[in-house]
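Trainee: Please arrange chain E on chain H, whose structure you already have, making use of the hints.
2 protein chains.
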Amino acid sequence: MASLKEIGLAAAINLLSAFAFLVAFAFLRLQPINDRVYFPKWYRKGVRASPTHSGTFVNKFVNLDLRTYIRFLNWMPQALKMPESELIDHAGLDSVVQIRIYLLGIKIFVPLAVLSFLVLVPVNWTGKTLKHSEHLTFDDVDKLSISNVASGSNRLYAHIAMSYVFTFWTCYVLHEEYKIISDMRLRFLESENRRPDQFTVLVRNIPPDLDESVTEHVQHFFCVNHPDHYLTHQIVYNANKLAALVAQKKTLQNWLTYYKNKYERTAKKPNTKTGFWGLWGTQVDAIEHYTAMIEKLTQEENSERERIMNDPNCITPAAFVSFKTRWGAAVCAQTQQSSNPTIWLTEWAPEPRDVYWENLSVPYVHLTIRKFLMAVAMFFLTFFFMIPIAFVQSLANIEQIKKVFPFLEPLIEIDFVKSIIQGFLPGIALKIFLIVLPYILMAMSQIEGFRSLSSLERRSAHKYYMFILVNVFLGSIIAGTAFQQLDVFLNRSPAEIPKTIGVSIPMKATFFITYIMVDGWAGIAAEILRLVPLVIFHLRNFFLVKTAQDRDEAMDPGYFRLALCEPRVQFYFLLGLVYAVIAPILIPFIIVFFVFSYLVFRHQVINVYVQLYESGAAFWPDVHRRLIVNLIISQLLLMGLLSTKIAERANSVLIPLPVLTFWFHKYCKGRFESAFVMFPLEDAMVKDTLERAREPTLNIKAYLRDAYVHPVFKGGDTEMQPLNEDEQDDPLVATRRNISSKASPEPSYLSGH
Amino acid sequence: MASLKEIGLAAAINLLSAFAFLVAFAFLRLQPINDRVYFPKWYRKGVRASPTHSGTFVNKFVNLDLRTYIRFLNWMPQALKMPESELIDHAGLDSVVQIRIYLLGIKIFVPLAVLSFLVLVPVNWTGKTLKHSEHLTFDDVDKLSISNVASGSNRLYAHIAMSYVFTFWTCYVLHEEYKIISDMRLRFLESENRRPDQFTVLVRNIPPDLDESVTEHVQHFFCVNHPDHYLTHQIVYNANKLAALVAQKKTLQNWLTYYKNKYERTAKKPNTKTGFWGLWGTQVDAIEHYTAMIEKLTQEENSERERIMNDPNCITPAAFVSFKTRWGAAVCAQTQQSSNPTIWLTEWAPEPRDVYWENLSVPYVHLTIRKFLMAVAMFFLTFFFMIPIAFVQSLANIEQIKKVFPFLEPLIEIDFVKSIIQGFLPGIALKIFLIVLPYILMAMSQIEGFRSLSSLERRSAHKYYMFILVNVFLGSIIAGTAFQQLDVFLNRSPAEIPKTIGVSIPMKATFFITYIMVDGWAGIAAEILRLVPLVIFHLRNFFLVKTAQDRDEAMDPGYFRLALCEPRVQFYFLLGLVYAVIAPILIPFIIVFFVFSYLVFRHQVINVYVQLYESGAAFWPDVHRRLIVNLIISQLLLMGLLSTKIAERANSVLIPLPVLTFWFHKYCKGRFESAFVMFPLEDAMVKDTLERAREPTLNIKAYLRDAYVHPVFKGGDTEMQPLNEDEQDDPLVATRRNISSKASPEPSYLSGH
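Protein chains in written order, with our numbering: chain H, 1 to 753; chain E, 754 to 1506.
Isolated chain H (complex conformation):
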């Protein structure tokens, strides 16, 4: 372990570099030209006007008001200013609960730090074990950790007692937080405006019927089995090909805009080549070429649209079924429809922008097989991912390159290039893998067949957490690849494993402190600087933007990437809980991380991120469960460590801890989780009754009409297959519909997708 001075120095360097990031951020965000990079959310909301339209020409791009630079850190108090209730309105419940994870970290670790510095640090410091063993050089940091307490010393009872106190405190905070968040969720759902998903249920695995089309079959089934509540339905088209065409057309249109802009600026007809990316092929006039291609694509798109409408094979056996009341939808979503549990599967419809359309039609048997295959794949990915990477690394050395690309030999022989390759190549495969990993995990979740973006994110977060736990946490403690660890686990006794890991934990404190500073602190500072969106925005702005609307589209506000951030935060929770008793010196670093993250993400949520969907904090049970897992891991490791230092009987005092923690988890699950899964009938009835009283003339059918149309059909000129209008269409209803269709415009987010 390093000395306190060394750690202090490293901390200072990291703090300084984080500070430099902040200064850069403060400088960049004050430039009007970057306004859309650092405040995109306000633009999307239409609250903020572009500052480039006022003032002198220079003022449009550079901020010359020096006074603003002095208060360059004032984004921090600003980020804290907005009260939580307002923030929910502004950014949605998901975002608020996401940043509350960081707040939770502060709530847990500040009292833990105070207690451990008041109690454990003095106990450790006066332990004096390390002085005796003079052939080893130990530093101050070690004296603060449990290593400085002699084996068998009664001082260890202080650690046992504190581990009880810490567990109790963590569970208390977790319980309160779960309560608060489930209350928030219920209040949020209660206060929500009318949304299509409140009335709609996603029905999958509609069994094929020889005599009826899917839409007739759905209608008959629900007319029979939910006679008083069924309203209408929307069948799901397999529009994956059409979606690809639409995306392709958009790219071509970007190129067209680019060449048009170029033509305007240079007044010279731009040329392009017909081949891939305009790199080869015959030279043609670019504008004409792209106009022709877009026209061709439009035709293709239209014929594809028509084909989808008319080909029964394009209708997937899934449908969005809407009900007259929220009560009816709640009933249908929570009950089993058919005696065969693999057909007529119902679940809450995700909100329209949350739907992952590609997976709506996966049949039941495929789902179980896919889940099984992905579980096996995840196992191999976690434990054997080093094998292909090592293979790539073995290929990517200089001798290999010379062999495969002999013409590069003169270049490689230059000393400078050679040293770069030698220093760079071995790491690059791993680096690329780690960057790509979240996307691999997301793809695996997609294959598993989840039907909403929110559940995809939750699932990927779970996978990423497992990966970090095995490869970063255990991988750092037990040196060696995960595969070697697996071997260790299989060949040691269950009682020995925590011992093996626990014993090496105090030795790794310095390593993890450095990790927290380099990965945690710097990562957060980079997050607020938004370098990649900054560059991309300016590139787009320069090449593609013509109108204000283009500029709006060039903004990439991003969103809080739950699947990426939450598992990382969990890792810091794990570190904090593990080291709270063993080496309290680590806790302040964790606290700095949580405070800093909380500030940064609160700022980002207020000013930058535009959420893709609103799940109403449906991810919280997962967060809670992983925190409990972290807590239990920390308890087992402490038991493992203490088993080498203290009599077995004394150590067994710790056995109730994981048992009680597990029971606490079960209790919380039973007490709170259903608020995140179910929609209680009482609440549905209250909302229905209120709505009937307030808007007795509401035509809910018209309101739901296009809510669950595939996005590629949105705003299209082709008319959708008419909904089933077989109910009595008396004049009164018709009048109502006319009224309401004027009164209730399409919800704003539908156009946002």
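The reader is advised that the hints may include incorrect statements.
Taking lysine-lysine and the DSS-like style, the derived pairs with C-alpha atoms no more than 30 Å apart in a straight line are [stated by the list, open to error]:
{"hint": "1", "chain 1": "H", "residue 1": "Lys666", "chain 2": "H", "residue 2": "Lys179"}
{"hint": "2", "chain 1": "E", "residue 1": "Lys1124", "chain 2": "H", "residue 2": "Lys666"}
{"hint": "3", "chain 1": "E", "residue 1": "Lys1419", "chain 2": "H", "residue 2": "Lys666"}
{"hint": "4", "chain 1": "H", "residue 1": "Lys250", "chain 2": "H", "residue 2": "Lys45"}
{"hint": "5", "chain 1": "E", "residue 1": "Lys1440", "chain 2": "H", "residue 2": "Lys324"}
Chain H regions said to be covered by chain E (calculated; three or more residues, Cβ under 8 Å) [stated by the list, open to error]:
{"hint": "6", "stretch": "224 to 238"}
{"hint": "7", "stretch": "660 to 672"}
Derived from the structure by calculation, the hints contain no laboratory data. C-beta atoms are modelled at their ideal positions from N, C-alpha and C, and glycine is treated no differently.
Mentor: Here is chain E on its own, set in the frame of chain H:
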């Protein structure tokens, strides 16, 4: 291991003793005096008339028709004669599925036996390993087992291949069986007559309300939240004290009858003493004494009845809420009512005779705490039960007895008594514990708060299975107490544990063969003889019976004790699956057990058992799950055994087996389990529609009126609190009620309780 001859001898002895049991059974069942012991089900059904009322006096008691003795085994074909569909009508689905467990055993093990005797036995027999090691004496049985195959021999691939074949076959049979049984269940539910539980939901944890009584609160809540479907409800009284009084009165009445009979026979006024069990106290006239006491109790009972009716504290926060349609009940049972998941809990009402009234009012928090405490208790019971027994054993030796009861010394000093005590006492504590164990487990399940007898039985079966697995199976293989095993498990690696167990498995084959014969064969033979009910019936018949009705009550038909039988059967399944590859010689013994059990239990179900409740085979998912656990255990143990005999790489061919088996379980669970948990809306709607068409004038409210009244109130003279009759009571409805209450008499099973 024993030689084939020895095993054959033991088998012959056991077969002979089983045969003796059967002869005794055949003899006893043909005596008219025992008719009610061996055919009680037919009496309960009212199909069979008492044979004692016809013929000569001797013929009433003894069967003198010698021809009937010749065909003493003809109960066997008779037991098989009744077709399954008729058996369902006769004995209920539960019984049919229970005996199908034994049929399943036959289906699995007969092909396994054929295959292993065709393939594995020749492979093992010609292995010749054991001949080489001449300093050990091995017998024929060992030559048939895997021990006879040399380590590293290619012959072991035959065992690996067969383990795949066996797993595939077992899974195939399990899948088919699950399908058949879930179909049977669905058809059974479909064809079922109207039953109160189809319309009724059990609501628990009704929150207290300051302004309303429980009954008003329930009514208001469901009128608001299920306005179109709510019909009526029945609140639950805490009548535990009253039930105790009723039971006490019944005992007294038995004594009164006994003394009255005695008086009639002897014409001498019988006396009794007022103290405990009539053992001491002042002497009084018995008939007068008991008449007075019964009168006093009747008064107490009436005042208690009145108290329950009027004291709001006797109303528990639970209610049986009935709906107008099965659809409404299905919806309410499957949905969450309130945003607080710990109040207004709804679940399907068990059928009236299945209700376990004592547990209806346990609040949510208590439930989680009770479950937790019982889990801890179960852990200690399983692993440490030997400690108190060893303590009792240490007390129960002769020296201790002499010390505590010095006056017994002369008696004990007699050699004969001494030897009995010495031989008998050490075992008796364990024996008593094992007999009492199922009751302990049932009591633990009751504390856990299950609300129906069927779920109590299922839960107890789970506990008993765990106990058998740890203490009988592992305890026999690894000698030593379960506590020592726990120590072994904690201190060996996960890879080593199956190895430790696997290696000793072939050596235990003889032991388990003996176990199957002594416990399995003899147990079943004793089951059909019904010695205890036989004795009790004749005692009762002699002392208490006066009228034909009394004689009916003296019958104790018993029932299939799932909590006791199913875990034991699972143990035989486990043995069969484990030894199928390792020592096929064991399989024929298992098959004999299954065939014999199937015959016996089919006979018992047809002629003897009267089921307490009908759960519609709700226990099958548990049976399936435990069979899967058995299968996976057998695979792991085979891997452990082979790891000592074969290269690691070859052995790893077996790794996919448990993984695939587990996935198969997941698949079956998703595919079939919901048929045992949920009641699909489609089926509910079909039944509702049919009923409306068939009986448009049915008054379902009158039908449900008294269905869920606590049994102690049934047939009582006190009027129940009137149901809420606040709906429009127009003449039409009144007429309907009159019609239907004549048309539909109270279901017969209500009086059977």
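Trainee: Please go over all the hints and tell whether each is borne out by the structure.
Mentor: Verification of the hints:
1. For the proposed pair H:Lys666 and H:Lys179, the alpha carbon gap of about 15 Å is at most 30 Å, so the pair holds.
2. For the hint linking E:Lys1124 to H:Lys666, the alpha-carbon distance of about 10 Å falls within 30 Å, and the restraint holds.
3. For a cut-off of 30 Å, the pair hint linking E:Lys1419 to H:Lys666 stands: about 22 Å separates their Cα positions.
4. With a CA separation close to 24 Å, the supplied pair H:Lys250 and H:Lys45 stays within the 30 Å bound.
5. For the given pair, E:Lys1440 sits about 24 Å from H:Lys324 by alpha-carbon distance, which is consistent with the 30 Å threshold.
6. Given a C-beta distance limit of less than 8 Å, the hint that chain E covers the stretch 224 to 238 of chain H holds, as 4 residues qualify and 3 suffice.
7. With 6 residues having a Cβ less than 8 Å from any Cβ of chain E, the stretch 660 to 672 of chain H passes the three-residue criterion, so the hint holds.
Violated hints for the displayed structure: none, as all numbered hints are satisfied.
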